Amino acid sequence: MWKLLQIELYKIFKRPRTYIAFGTIASLIMIVQFGLKLDGKEYVDFMLSTVPGFELGGNVLNGYLVCYITLMMLLINVPLLVTIISADMISGEANIGTLRFLLAKPYSRAQLIIAKFLATVIYTFLLLVWLALFALLLNMLLFGVSDMVIFKSSYIVVIKSNDVFWRYLGAFGFAFIAMTTVAAVGFLLSIFAENSIGPIVGTMSIIVFFTVISTLNIPLYSAIKPYLFVTHMNNWKEFFDEKVDLNNSAISGTIQNPQRIINSVLVLLGHTVGLLAVAVFIFKRKDVLS
Amino acid sequence: MNKLLLLFLLLGSSTFADAQDMAPLVNKLKAKLDQVNDYQATGVLKTDIAFIKAPVSRVKVFFKKPNHFRLVKDGGISILPKGGLSVTLNNVIDLGNFVALAAGDATVDGFAVKIVKVLPGDDANDLVLATLYIDEKNLLVRKANITTRENGTYDISLAYGKFSSYGLADKVVFSFNTKNYKLPKGVTLEFDDEAKTTDAEKLKNKKGKVEITYDNYTINKGVDDNIFK
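Chains A and B are the protein sequences, given in the same order.
Residue numbering for the first sequence follows our numbering, starting at 1 and increasing by one per position.
Residue numbering for the second sequence follows our numbering, starting at 291 and increasing by one per position.
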């Protein structure tokens, strides 16, 4: 099994397209950093204009806030980068005609599928580590560290600087679970195709379709929203909200709604396991002709 | 009819005379506060504003005559009502040209106080009206209601301790009305926070409050002008 995993990882990282995702993330983050470094005051002033009568003192546009802004923009696009690899895992082999040869090896189909999926998960993990390096650590170096101010739609949260880093660890961990679910969707679709374009487009269509449904505030769709994985994908932001005491002072080290995170993790893990199980089930019965 | 008019005039002039009498009290208070040329203070800042979740944090406060004031949060970010905290009693009392009118007596925190309305003589002054609740016996302002052109109206409650001889409070509470805060969801990319909005709604009618509890003052030891830049 370990050997299989090593082979699959070798195949992933041998392909130039794998590095497109890493390059895209690095360049996008650097563009955001460049813009905010030069014109960040405008952005902060815009945010402040929403709270007339108040003034902020200190280094508002610090590495923690820049990382948050970067993640808000990027985590919507990362699923596409994950899908490029996950949706190619089986269909890519079928496309170049190596799938039958692969199945001739002395491993069961289930082992093969699991090894391929684990390789995809490792790729996803490395992509998020790369994202964390650029979005968090590099921003901390470039913009410094201070308290973090987050402008939410109906309130503002101020988090002490020594209370932020662990929240990012949690947020990246959560994002990893969410992206693994996206990888599982692409992986499942790749079983049905003989080239990777269909599964990539299919996965992105599913994400867009369900995202639209989950953002519509129509009662008819509200009933199904909690069961859609896309509804939960953005809940990494829950790490950046604090409980308040009776005097309305934020309590450091707390999360406003931890149950929301737990529920989302369970839904996402449930989807991942379910999608992988379906993939194994179908692939074991699939008549492989290519 | 003429007698009635004369009576009104006499009553009016006597009220005016009483009102004029409050200027010496304000000047006595000013003399007391004038002992302080500058100070550095450390304390704890608590923010209680409906739409702001901020932790309790340590702050440093710097003041220098005539009206330089700065609050610095230790290594962090402060979010405070614009101008509100920087209007110290010195600003109010150091007007130079003002009218102080008596507005009765009251009790604040168990202390008998004189209510004094202070109006600046200069129309261009940001201060429109200040109502001071002056503890005449201890020569301390126990409460103030300040109305400014730029930053609206706010109340200041003051509690004194070991620095009362300088007229410096151990605890200052600023209260003010807050407006609703709303940022488009398209900006925050939050489309599913109905529950939290409801929490915010509950707090909507609360008055904003910022409380500073000072634990130490360093008085008249000099404060660098660069701090206020």
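Rather than coming from a laboratory, the hints here were simulated on the basis of the structure.
As the structure is a computational prediction, the values presented were derived from the model and not from experiment.
Do not take every clue at face value.
Examples of chain B residues toward chain A, derived with CB under 10 Å [claimed, not checked]:
no.	residue
1	S347
2	F352
3	P356
4	T437
5	R439
6	K461
7	V462
Derived BS3-like pairs: lysine-lysine, alpha-carbon spacing no greater than 25 Å straight-line [said to hold, decoys possible]:
no.	chain 1	residue 1	chain 2	residue 2
8	A	K37	B	K433
9	B	K461	B	K350
10	B	K497	A	K243
11	A	K41	B	K354
12	A	K243	B	K519
13	B	K320	B	K452
14	A	K41	B	K461
In this text, a Cβ means the ideal position worked out from N, Cα and C, and glycines have one as well.
I'd like to know which numbered hints this structure contradicts. Please list them from smallest to largest. As far as the earlier hints go, 2, 3, 4, 5, 6, 7, 8, 11, 12, 14 are violated by this structure, in ascending order.
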